[in-house]
Amino acid sequence: MTDKDGKSMPNEREPGVPSRDAPVTTRPKEPPTRRAFLTGATSLFGAAAAHVLLAPFLGHAANGSGDPTRVPGALATEYGRRSPFERAKRLTKPQRSRTPLQDLHGIVTPSALHFERHHNGVPLIDPAKHRLLVHGLVERPLLFTLAELKRFPSISRLVFIECSGNSGKEWKGPKGKTVQEIHGLTSTSEWTGVRLSTVLSEAGLTPGAAWMLAEGSDAAAMTRSLPLNRVLDEALLCYAQNGEPLRPEQGYPLRLLVPGYEGNTCIKWLRRLKLVASPMMTREETSKYTDLMPDGTARQFTFDMEAKSVITAPSGGQRLKKTGYVEIRGLAWSGRGRVEKVEVSVDGGKNWRTARLQAPVLPKCHTRFCLDWWWDGGKAVLQSRCIDETGYRQPARQDLVEVRGTNSYYHYNAIQSWQIDEAGNVRNG
Amino acid sequence: MDRWERARVRGRSLLLLLFVILAAGPADVWGGSKDALFHLGRVATPEEIQAWDIDVAPDGEGLPAGRGTVEAGERVYAGHCAGCHGGTGVEGPSPKLVGGQGTLASAHPVKTVGSYWPYATTLFDYIYRAMPFVAPQSLTPDQVYAVTAWILFQNGLLDKDVVLDRETLPKVRMPHRTGFVPDPRPDVNRPGS
Numbered sequence: 001m002t003d004k005d006g007k008s009m010p011n012e013r014e015p016g017v018p019s020r021d022a023p024v025t026t027r028p029k030e031p032p033t034r035r036a037f038l039t040g041a042t043s044l045f046g047a048a049a050a051h052v053l054l055a056p057f058l059g060h061a062a063n064g065s066g067d068p069t070r071v072p073g074a075l076a077t078e079y080g081r082r083s084p085f086e087r088a089k090r091l092t093k094p095q096r097s098r099t100p101l102q103d104l105h106g107i108v109t110p111s112a113l114h115f116e117r118h119h120n121g122v123p124l125i126d127p128a129k130h131r132l133l134v135h136g137l138v139e140r141p142l143l144f145t146l147a148e149l150k151r152f153p154s155i156s157r158l159v160f161i162e163c164s165g166n167s168g169k170e171w172k173g174p175k176g177k178t179v180q181e182i183h184g185l186t187s188t189s190e191w192t193g194v195r196l197s198t199v200l201s202e203a204g205l206t207p208g209a210a211w212m213l214a215e216g217s218d219a220a221a222m223t224r225s226l227p228l229n230r231v232l233d234e235a236l237l238c239y240a241q242n243g244e245p246l247r248p249e250q251g252y253p254l255r256l257l258v259p260g261y262e263g264n265t266c267i268k269w270l271r272r273l274k275l276v277a278s279p280m281m282t283r284e285e286t287s288k289y290t291d292l293m294p295d296g297t298a299r300q301f302t303f304d305m306e307a308k309s310v311i312t313a314p315s316g317g318q319r320l321k322k323t324g325y326v327e328i329r330g331l332a333w334s335g336r337g338r339v340e341k342v343e344v345s346v347d348g349g350k351n352w353r354t355a356r357l358q359a360p361v362l363p364k365c366h367t368r369f370c371l372d373w374w375w376d377g378g379k380a381v382l383q384s385r386c387i388d389e390t391g392y393r394q395p396a397r398q399d400l401v402e403v404r405g406t407n408s409y410y411h412y413n414a415i416q417s418w419q420i421d422e423a424g425n426v427r428n429g
Numbered sequence: 001m002d003r004w005e006r007a008r009v010r011g012r013s014l015l016l017l018l019f020v021i022l023a024a025g026p027a028d029v030w031g032g033s034k035d036a037l038f039h040l041g042r043v044a045t046p047e048e049i050q051a052w053d054i055d056v057a058p059d060g061e062g063l064p065a066g067r068g069t070v071e072a073g074e075r076v077y078a079g080h081c082a083g084c085h086g087g088t089g090v091e092g093p094s095p096k097l098v099g100g101q102g103t104l105a106s107a108h109p110v111k112t113v114g115s116y117w118p119y120a121t122t123l124f125d126y127i128y129r130a131m132p133f134v135a136p137q138s139l140t141p142d143q144v145y146a147v148t149a150w151i152l153f154q155n156g157l158l159d160k161d162v163v164l165d166r167e168t169l170p171k172v173r174m175p176h177r178t179g180f181v182p183d184p185r186p187d188v189n190r191p192g193s
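Line order of the protein sequences matches chains A and B. For the first sequence, the working numbering begins at 1 and goes up steadily by one. For the second sequence, the working numbering begins at 1 and goes up steadily by one.
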């Protein structure tokens, strides 16, 4: 913005200085009492306290009813909050919450909206007292403080975590209503930590070590066994998420991250790594997180999250209000590597078109896809399918069920269909 | 360019390389230990390890001393477990512990300790670390042996007079022991198929 002389105008107006482009008479007068109170409050309690006290007085700025260019806005804050107009929230049950995929953009899930799953609550852990024990088939059993773990060479990586129970109810047919309810147990964060291999080298593996038991310090003392030859290359011990320390529900102060593996293996509140010769057969890798097949056998240690995609908009529970342009948006991911391609159909799988992939396209990370569509007001069935860098193609529901039946509960990654009717209502189907 | 000139150029390149190496200074300004370790953390004492090392392996390794009978287990179960798992282990609302044998290949499989769990040692490990839900790790090894015995007995997998301890528990044969198979995926839409 420039004035007649081409000089730059200040972005923020001085309180009490009349606006040049508005008649002085229409400018609301500042009540003297308010100014006196502001000065007094600021000197007495400091700016932060004044902000709290004055929140009701900054009426126009807070409720957005007026012209925000004519009233001073809110003061700076120590830890930011989203706009009060934004309402996206997790869908909670006592031991899990689901990410509102329909409300998000890009690939990063805000930490406060990352899905959670825990088996006996979120523990409150003092990071100064937290320790990681590495023992078992090692040359030196070691105990680490969090500060020591943070001193190791660090690595940051954008990675999705998906619960293997995500969309598990869909094995029995279309059940959930919204993309959040059906697919909300997947999220992406930038995770920072130290490589597992670095920490294990410090303890020194002995020749018999082939598996690792990881244990959390929550009330479930969650344990999983992991094959060393498959996790050593990529697993991280993470202390940060999206640039700040982990959220409590994500394992504060320390969690394991095994990129591409089912979420349950990424043990949170990590306190112990025991190197062993063979799997410990814990409850979570026998009675749970195993996949029952039609013949009564059960697949065990099904770690990989296979390629999957879902259209997040338009999606279940939403309504197309007008015919015309719609950007179909969605997320695709694969636990085996990069997303190679996403194809979208608007006629229930008869015709497919390749979607645009938004950069970055990273291995074992949510990838955003988009496709232009002009809705003509008729019925439509929206579908997406992901092809990953291994050549694996996300299966149709029928093909998946044919092989695995409907009782395996975990690892459901079939193509999601959204039915759209003439009124624009979007339903699972 | 004759060969003398080429030699001069090569010589200058070598001199330049030497200069770069010298300018970078001696390698040891960056320190580092000869063994390539970071020397972070400290050696854990046997007591520290013992305090957390509660896991039990399928061969019984890690089972603590102690013993329990079906009869004692019935009392432990009634006092600490029945509230969530039901009077006989089938009522719920928490996961069913008893029954379901022969249902796994049916349309409505019932996965319980008796029908699905491959190892009896897992039952001890899980109860010892995570149950009762409202007071995990509050039961003594004797109590855990006892309630494990009762649940196995209810499933018809233990005689009433067997005393469970670190010797007898790993010997209990679970019906679904051989029912688990390795991951064969990708099993649908395999690359190249």
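Hints in this document: simulated from the structure, not taken from any laboratory. Predicted model only: the values in this text are computed from it and were never measured. Careful, some of the hints might be misleading.
[As the list claims (entries may be wrong)] Now the stretches of chain B that chain A is said to cover, found in silico as 3 or more residues with beta-carbon under 8 Å:
#1 42-49
#2 86-94
#3 182-188
Ideal Cβ positions, reconstructed from N, Cα and C, are used throughout, including at glycine.
Just pull the numbers of the violated hints for me, sorted ascending.
Number 2 only.
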